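Trainee: Spelled out from the first residue to the last, the chains are:
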Amino acid sequence: MQVGLKVKRFDPTDSGGKTWWQEYEVDVHPDSTVLDALIQVREHVDGTLAMRCACRASICGSCGMKVNGNAKLVCKTRVVSLSPNGEQLIIEPMGNHHVVRDLVITLDTFFDQINRVEPYLQPSFVPEHGEYVVSNESMENLLKSMNCIMCGCCVSDCTVLEVDSNFIGPAAFAKAWRFTEDPRDSKRDERLKALNDEDGGIWDCTRCLKCVEVCPKGVDPMDLIMELRESAIEAGNTNTHGYHHTESFYKSVKKNGRLDETRLAIDSAGWTNIPRLLDLAPIGLAAMRRGKLPPLIPHKSEDHKKVRELYDSVEGESK
Amino acid sequence: MYEHDVLIIGGGLAGLRAAVEVSRAGTDVAVISKVHPVRSHSNAAQGGINAPLTDRGDDWESHAYDTIKGSDFLADQDAVVIMSQEAGEAVLELERMGVIFSRGEDGKLGTRKFGGQKKARTFYVGAITGSAILQVLFEQSLKMGLNVYEEWFVTRLIIEDGACRGVVALDIKTGEMHTIKAKAVIMAAGGAGRVFEPSTNALICTGDGLALAYQVGAPLMDMEMIQYHPTTLARTGILISEAARGEGAYLLNADGERFMEKYAPDYMELASRDVVSRSEQTEIDEGRGIDGNVLLDLRHLGREFIEQKLGYLQEVSVEFLGIDLAEQPVPVQPGMHYIMGGIKTTVDGETSIPGLYAAGECANVSVHGANRLGANSLLDTVVFGRRSAVHALEYIKGVGTASRAEEDLAFEKTRLQAILDRPKGERSAAVRDDMARGMTKGIGVNRDQATMEGALENLVNVKSRLPGVSVEDKGKVFNTDLMFALELEFMVDCADAIVAGALARKESRGAHYRTDMTGRDDENWLKHTLVYKDGSQEHGTRVETAPVTITRWEPVERVY
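Protein chains in written order, with my numbering: chain W, 69 to 387; chain F, 130 to 689.
One should not assume that every hint holds.
Unchecked claim - Mimicking DSS-like on lysine-lysine, the simulated pairs with C-alpha atoms at most 30 Å apart in a straight line are: (1) W:K76 - F:K605; (2) W:K212 - F:K605; (3) W:K212 - F:K242.
It is worth saying that the hints were derived from the structure and are not from the lab.
A quick note: this is a predicted structure, and the numbers were derived from the prediction, not measured.
Here chain F stands alone, though its shape is the one from the complex (with noise of 0.2 Å):
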């Protein structure tokens, strides 16, 4: 049995900025990551992060109304204003531990531009600044020592007295269980973009955070609201950064025209990430595609350009398409990226569960609402896994330890013991595969009551598959088949609350785009969908709703 003032599951980027947050604070922390924190999915960020800075002409009034006005309105302007207001020193604060952000020719930081902003304020590292983030924090949590506890798979939330005191969790190199008790846990385990196929999600973001608060009672707020990015590689479904139309590449149909003027006049290919793809896709379904497809132009920028600018992005169309970017335009089609809905939390962290703190991915604010803009993700992360961290180091004062963690160690082993033992059935795969096909169509870039109900339909078969998953391997050592079995349970709960949300929710707004209802509704929904696992429900959800918060900007017609 271990023990932690605060535990932090997950190693990315919102796990370390909130590790480092309780260390500075002097206080005992620890890191729980089923991955090593260098292997987490905020790698993956390329494009930048943005900060309104003031000196830079930049004001936060303007990064929060872009945001709200990509969000559809949708965003609790309360935590914008936070995230925008807090957003330059977090962003300073990265560079004084070591990001080698790309500088101006005043040495100070410059920016590039992105999507659905007026100004160009986004920060960063070639297309690796996820990565050089990263990196950096961990090189922090180095230089203090941080406790991690790598390559352990959280499996279930101890709750005493309705509060979180800690969690069970499998040491996947030995195979063992064990307790970590804690007075406060911050949940910033990432995404479920595996609950789709294809995504440009890694393979570990099965939805574990998310999954874990819902099976406490915690609800999941807009899981709705999924984000289609719009240039990701055939097939594999890899992603191309955003940053390659912030540096000017062009999106061209199968005649060869720039289609997003008529889309987007204004704003052209950087219109908000829900917008493009929804564009891409009529230009696809209306025949001027190409196998599904539409093109990536980046050949005006020039090679040199390309390689210092965007290099990885060169790195991956060559390595996976075999195409090179200065000489060939690149196939690109929406493809399912982010999560804007997730664990209800106030603008501190706090999730409805005392001593459950959610920041980054999993949590919800609301500061994306419907829509998220480019490199608002990586700033979402830094802010409040910083604030959940601060507001945790007060919560815990005067907060006690567990005394009932033994219980739920023998039932997660009894729980794990019975997965491992049944006869041999369907391997956990070919259920995910179902699930995950199965919620792409039915909860894609455009979608209807009828694909909605056909994706609810499809995980009522998956769900009375679960209990028919076996597991091949019985050792004990680097288990990832019973991973998997574990994995899949998670992500069939958030594919629960997606499609629940999605149903209850009778409008189009950002990124639930409904056919079968155009237009967005303010007067009945301009409210948050909450989901709550009610097992006396008929599909085991139960959706309730809270309002909005609207303090200055009121809703108004969108346009790019």
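Pulled out of the complex, with its shape left as it was, chain W reads as follows (with noise of 0.2 Å):
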């Protein structure tokens, strides 16, 4: 089958860094990958085009790119499933990397962000002989995180990570949290405490969902920071804005059966923050003069004692 691609092309030595689109039609098996076409393109069309790829098996990790602007490994994404009556595919490097030439990202960004997190086993004793006894419910537990192959689609499409280089990321946290979570590992609370209090922590992630959507091996970064999020508050770490917006956010509807914004805002705060409270107030005075701004005193729903039954009913089943 003919399949067209346009791919975003770079030369980084052509004055300063040249980019341009370019377009290319090949003819493939019908059961071709992404990869498959592009290599076909490589060897047979334009030996230029610069990319990488080892495995074909969706196992190492290097074929990550936008594939139609969402980040895949293109190994792993079959031409049909995007392309069922020849549309033409749109191929870019990875996002929030820096681009070394055409496909070809920089490892440093995602590398930087995994080393921060002290991605290696830290335990209290190594036995002597033979191995940590420990359950396999526990290491199978963990499997989620292993199966992770760092190949960056996750940092790649993240929402925070465009406006905030410093977060650390959903590929390290899946990696921390395989940390946390090794009962083998000595140091629970404290990389806990450091993940919930670094600057471009586990608060940081805005819950957009896009690390899962796009992540090629079911590791669904967010769902592991939410995990962390929880095991951080359970090793006592209260101390942050996420903190407080969430004890907001749960008290607030409990008690009211909706959301009080107003509070939700100064709660996160923090009542005696006054530098951030004064952030606050532009935004404030600008959603009253709209007309936006929600009630100081908020309306109870009509439905409040049913959510507070919900409540209790789910709070009764965990205890």
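Assembly of the complex is requested from the two constituent chains, each provided in isolation within its own frame, with the hints serving as guidance.
Mentor: Now the structure itself:
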């Protein structure tokens, strides 16, 4: 079958860097992957197209790139799935990374993030003989994170990294989770505290779900970030805006059956955090001018008693 | 110019395990690899790693014998004994570093069954064992702040007074060439699967390490021993792990028969890989295949089991063929997977060149002989990766570094520039495809004098086209086109040695199955083939032989 590719090219040596789009048309087997098509281009049409690829079996993590706007491992993306009627495919390098050339991005961004979470086992003791004795369930649980092949797709499409390059990033959090949940590791509390306190830490995730959507290995980084938040709170880390935000949300819905947005903003900032409250003031005033300021005294929802019953029932179950 | 005490070429399991050992000794070490370490092909090892643990009722003699029998008695028994004896500690050490091996009810490491072995002794992480171990060794490398020249491509070994003292390499990201001097170099650059087409191997497995050593005079041993894995997906050659059969999957022919009953009644689907691949080929050749495939049936294992224990297999089967393993059998065929042959080394990883060590798939110790057992390759990498490092640490005492590195650098710069300057000719991919298809045709699951001579003839043609291969990309930054041209030269060297070894061995043994000489000939051929690069010979190769070390197990007929 014929497939059309529109590839974003970048040549760093051409007077400070030149970007352009190039279109290719190749004939591929109907079961082909996008990688097969790109290899076809590289081998038979244009030898100057630079990209990374190795295993062709979605295990080495080399061939992450954007296809039609979303990060994908092109070796496990079949052409027909995106182009059932011969639609042209748009191929770009991954986002949130610097581009080296064409579809090749620098690896530093990704691995610097990984390095921030002390990504290695830190046990309190090492058995002299034999292995650590731990349950199979506890190890199989870690498979979720060990399935990560460090392809960088989640980092590419992370909407927080787009505006804050200091965010630790979904892949590194998934790696961190692997150690906080590993019963052999002795630094759980320290790790959770660091992930909680650090600038760019777990509370900066906006829960946009993009990393879950694009992860080609089912790691679901955002779910692991949410687990890290819960664990951090359970471990007594209640000093963050994130925690206050969560708590305020919980309380106002429990009390009123709906969200008290004014209180949420103030609770999250902290009642004594004057600089942060002053930051919020212009937003509040602007909202007021446009009649969008939430009521200062919250309305209760009609069904707030039912909401309360739901809380009691769920909390009863979990006890 | 850079300099280290020990330089390791390759960032897969053998390379990283060696690096951990050198680093622990407080010695200056660096890894150089044409890909980032976590992209290495060790990732692709799925099923597990073998170790006979005495506290699980196993013993090293049993593992050693299974390995030797699997090798069709071509493995050196002293080397196998070392591997079997060190296996337990090697695997436990990986666990203590952080590998999340599957456990039994008692919380200790659990095992699964693998082919050619009497006992279940394969330790595993789902169907991602290689990846899970590589990630942990990479974590260790981060912890110790290992120097890694990532995406640097070694083009030449520096040899001074007969000893290896470093490398010349191309920094792929900048296009600049550099020398890295070292007192010892450990070659851990992996296999040469791309010499064949199709192959389960990654596109990066181009035999660079084998060829680099071969070019400076190290002999390649038993290169004719090419492993065809019994279960690879049609067309793409993607691997379906032996773990499927280890966990109980059946192989069926077009008539729905478990045909292994005819060929290996005791071991059935879990006979040695060469035996199973050959049996499949016979079924296919005799008309009981389905479009050149047989069927691998996992349905009776149940969805939950498949998804928990063999999740990655389900992933690739669904993604690449649209087949749900819990619902439908998957068509598979024998596919080129591994090279038992490699740079001849001692049990301490020493090659014939002082200062040059080799470990992992590029090396041949020899522990795999004529056929490697599944899950022995990961074991080979960590045991002999470590041993190479230990020996290299001793060796470097009292050794100086190179003084002539600059000459080699200048030579390589000129050579690469000449390749870039060639007038427009053939693309490297076209020549590689012709080479690789010719190799698969001639040096296949079954072979005979005529097919092997066909492979040789094809190779002569391919070599005549090499000087006409041109590089379209004239840029410096990330010029993969230039790399492919260099890799092609490496692959052709490997192909030369494979064909020479195959034509030399006048018998059938393990993976070298000749339909015109079906018997094993212990009287004349219980020996290794050694191929040397020799420009004075007609095809550039000289074949010698070396005795096999037999310490306690006399060769007997191999029945499964």
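Trainee: Determine for every hint whether it applies to the structure shown.
Mentor: Results of checking the hints against the structure:
For the proposed pair K76 of chain W and K605 of chain F, the alpha carbon gap of about 19 Å is at most 30 Å, so the pair holds. Simply put, K212 of chain W and K605 of chain F have alpha-carbon atoms about 40 Å apart, too far for the 30 Å limit, and the pair is violated. Of the supplied pair hints, the one linking K212 of chain W and K242 of chain F holds, its CA atoms being roughly 24 Å apart against a limit of 30 Å.
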